[in-house]
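Q: Take the sequences, apply the hints, and build the full model.
Here the protein sequences come in this chain order: A and B. The working numbering numbers the first residue of the first sequence as 6 and each following residue consecutively. The working numbering numbers the first residue of the second sequence as 223 and each following residue consecutively.
Simulated DEER-style distance windows between Cβ atoms:
#: 1; chain 1: B; residue 1: Tyr249; chain 2: A; residue 2: Val238; range: 43 to 53 Å
#: 2; chain 1: A; residue 1: Asp229; chain 2: B; residue 2: Tyr249; range: 46 to 56 Å
#: 3; chain 1: B; residue 1: Leu425; chain 2: A; residue 2: Glu157; range: 48 to 58 Å
Rough simulated footprint, nothing fancy, chain B against chain A, three-plus residues with beta-carbon under 8 Å:
#: 4; region: 89-96
#: 5; region: 120-126
No lab work stands behind these hints: they were computed from the structure. We put the CB at the ideal spot given by N, CA and C, even for glycine.
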Amino acid sequence: MSGGSPSAIRVDRLVKHFRRESSGHQLRTLKSALVERTLVRGLRPDEAIPAIDDISFEVPAGQAVGLIGSNGSGKSTLLKLAAGILRPTSGTIQVDGRVAALIELGAGFHPEISGRENIFINGAVLGLGRRQIEERFDDIVEFSGLASFIDEPVKTYSSGMYVRLGFAVAIHTDPDVLMVDEVLSVGDEAFAHRCLRRIEEMLGRGKTLLLVSHSLELVEEICDRALWLEKGVLRHDGHPRRVIDAYREAIAESEGEAHRRELESREEEEDEDEAEVLRWGSRQAEIVRVRVLVEGEERYHLRTGEEVAFEIEVEVHETLDDFAFGVAVATPRGHEVWGTNTDLAGFKPERLHAGRCVVRLVCPELRLAAGEYLIDIAVHAPDGTPYDYRRKLVALSATAAERGIGVYFPQHRWSFEGGVDWASD
Amino acid sequence: MSRVLRRLLRHRGLLATLVQRELKARYRGSVLGFVWSLVNPLALILVYTFVFSTIFTPRDRLVVDFGPYGLFLATGVIPWIWLQVSWVEGSASLLANAGLIRKAAFPAELLPVVSVLSNLVHLLLALPILILAFAAMALFGVQTSFSWATASLLPLAIVVQLPGVAGVAIGLSALNVHFKDVRDLLANALTLLFFLTPILYTLRTLEPFPWVHAAVAWNPLTPFVTVYQEIVFYGRWPSPELWLLMVAVSLVLWILGTWLFERLSETLVEAV
Numbered sequence: 006m007s008g009g010s011p012s013a014i015r016v017d018r019l020v021k022h023f024r025r026e027s028s029g030h031q032l033r034t035l036k037s038a039l040v041e042r043t044l045v046r047g048l049r050p051d052e053a054i055p056a057i058d059d060i061s062f063e064v065p066a067g068q069a070v071g072l073i074g075s076n077g078s079g080k081s082t083l084l085k086l087a088a089g090i091l092r093p094t095s096g097t098i099q100v101d102g103r104v105a106a107l108i109e110l111g112a113g114f115h116p117e118i119s120g121r122e123n124i125f126i127n128g129a130v131l132g133l134g135r136r137q138i139e140e141r142f143d144d145i146v147e148f149s150g151l152a153s154f155i156d157e158p159v160k161t162y163s164s165g166m167y168v169r170l171g172f173a174v175a176i177h178t179d180p181d182v183l184m185v186d187e188v189l190s191v192g193d194e195a196f197a198h199r200c201l202r203r204i205e206e207m208l209g210r211g212k213t214l215l216l217v218s219h220s221l222e223l224v225e226e227i228c229d230r231a232l233w234l235e236k237g238v239l240r241h242d243g244h245p246r247r248v249i250d251a252y253r254e255a256i257a258e259s260e261g262e263a264h265r266r267e268l269e270s271r272e273e274e275e276d277e278d279e280a281e282v283l284r285w286g287s288r289q290a291e292i293v294r295v296r297v298l299v300e301g302e303e304r305y306h307l308r309t310g311e312e313v314a315f316e317i318e319v320e321v322h323e324t325l326d327d328f329a330f331g332v333a334v335a336t337p338r339g340h341e342v343w344g345t346n347t348d349l350a351g352f353k354p355e356r357l358h359a360g361r362c363v364v365r366l367v368c369p370e371l372r373l374a375a376g377e378y379l380i381d382i383a384v385h386a387p388d389g390t391p392y393d394y395r396r397k398l399v400a401l402s403a404t405a406a407e408r409g410i411g412v413y414f415p416q417h418r419w420s421f422e423g424g425v426d427w428a429s430d
Numbered sequence: 223m224s225r226v227l228r229r230l231l232r233h234r235g236l237l238a239t240l241v242q243r244e245l246k247a248r249y250r251g252s253v254l255g256f257v258w259s260l261v262n263p264l265a266l267i268l269v270y271t272f273v274f275s276t277i278f279t280p281r282d283r284l285v286v287d288f289g290p291y292g293l294f295l296a297t298g299v300i301p302w303i304w305l306q307v308s309w310v311e312g313s314a315s316l317l318a319n320a321g322l323i324r325k326a327a328f329p330a331e332l333l334p335v336v337s338v339l340s341n342l343v344h345l346l347l348a349l350p351i352l353i354l355a356f357a358a359m360a361l362f363g364v365q366t367s368f369s370w371a372t373a374s375l376l377p378l379a380i381v382v383q384l385p386g387v388a389g390v391a392i393g394l395s396a397l398n399v400h401f402k403d404v405r406d407l408l409a410n411a412l413t414l415l416f417f418l419t420p421i422l423y424t425l426r427t428l429e430p431f432p433w434v435h436a437a438v439a440w441n442p443l444t445p446f447v448t449v450y451q452e453i454v455f456y457g458r459w460p461s462p463e464l465w466l467l468m469v470a471v472s473l474v475l476w477i478l479g480t481w482l483f484e485r486l487s488e489t490l491v492e493a494v
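A: Right, dumping it as structure tokens:
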């Protein structure tokens, strides 16, 4: 770590634009460049894609930072800028100390050459001198677990072996700042664990980590801080749990919307065969609209324990004497979580008048565990004959303050007596 | 000094490793291995000598003042091959190693220089074969004017040319990333330059054609080849003008090439 500086990474008003591939630049010829007398053409606004749009932050030495965001949000671009692979369009990004970028492992492996020789080449690419590699050679081979293949040409390796060797070299460069992009998701489970332990051990020695991952659990587990990027902008910066919760919520919101749109469009197609699976019944009464109100406002994600109301609008075509309304909650894989109807609740039907009616089912505290849920809504006779039965009509997502297993998240409290000690924090 | 040079010097260990990788990978899996570097120039010399002493005989003594024409050809072609292959491979080197520069903070200017240096190794293996061929001629009683004294200038000639050869390769490599027609332009330019350089003929042969003579005399690559003919084939000490010209051309090519690379380098990685 250089010169006692408190920050390992400083990012100041960083901007990175990519050229839109469709702008025709790719087909540009030297001949035309010479004719136009412009060798390096500036980016016109219409052909620039802002991958990183004015981001500033600092990472103190020793901090583990997770970068989260959807695909195309700029996480990997930011990592490549930090690793010095890409150059910023404007602004600065400064990293102190030796950087190991585990972005694509085994950069510079040559397929015709043995694993042994490739270790030396890859190590040199990552900035090690020959003697340093010689010193670490045995550790590298042992870590990779490829001792018996080390003199075979790399082209005979499986992709998992390739990644293992690459990771082994990269991790042995003794970096001050470690930049990891999604590489832990390749390779087998046991090796991924070994890598993770190694990373944690390095964090313990005060190294800095910049981790890009789609695994929010991993970020929550090993990072001290999370940055949420969206469309090249820093949307949230803070404690991993808070950032991840906000991120999950946003995803759930957009996913629920997408699901609703999909259902609506499926309905519009009104292909009887297709729609049959999701909707059946005599249609003497028809469900025309369903809304979910969380804490009084229409939304489709909730935090466990919030008040949720299902509001069902029914168009009754002919007056019915025999009727019940039902709501059921299931997981996307089809496990029923909870269901009820007016018949089970003890309402005795007398008359359902032709025209519109609105049915509301209110759960003052819906204690669903974090996850995705699909809601079925039905109008039927108490004997089960359906008037309008609609499956997976509404998608709902839940977030919880802490993780748990299953679908139910009751209020709970731990208490201990006797010699049970917990670390503070 | 230029940034490119500084980076090359800083990463000289990596440069050496990559040149080794290039050479190893090239000969891996071929039976003769490094022997190919010796066989290729030998075959070249034998074919030229056979063709131009048995099948054709040069029109008159105008073509070559004295000595066997086959060896004259080989003396010019062997260094030309260094330039040509270095530039063709060097210009493609960034695209060929896209994985390396997209995935690691890798000094891209190393790659064209690796092409130049690994081909320089071939040149260094070919030159002794060429000298052996002169010795063999003497054994068979064929008169040559080969001289060990002047031939000892070969390393100096190569050192003087190296910046120019590397500069062109570096510039071309960056151009090739941004402009897809560089490869075709280069192939045509090299063919044209080959005939505009006194490899198949001597400058004196062209004296009856003043325009062509001027074009060849002003071709900046002409001294890059004639210096080999002077010190190996003719056994003469090259004039100070030739040395100065070579130094000047070499430095100008280096400066131009590295300037081009710097200009184009900002967006290099994403364009690869």
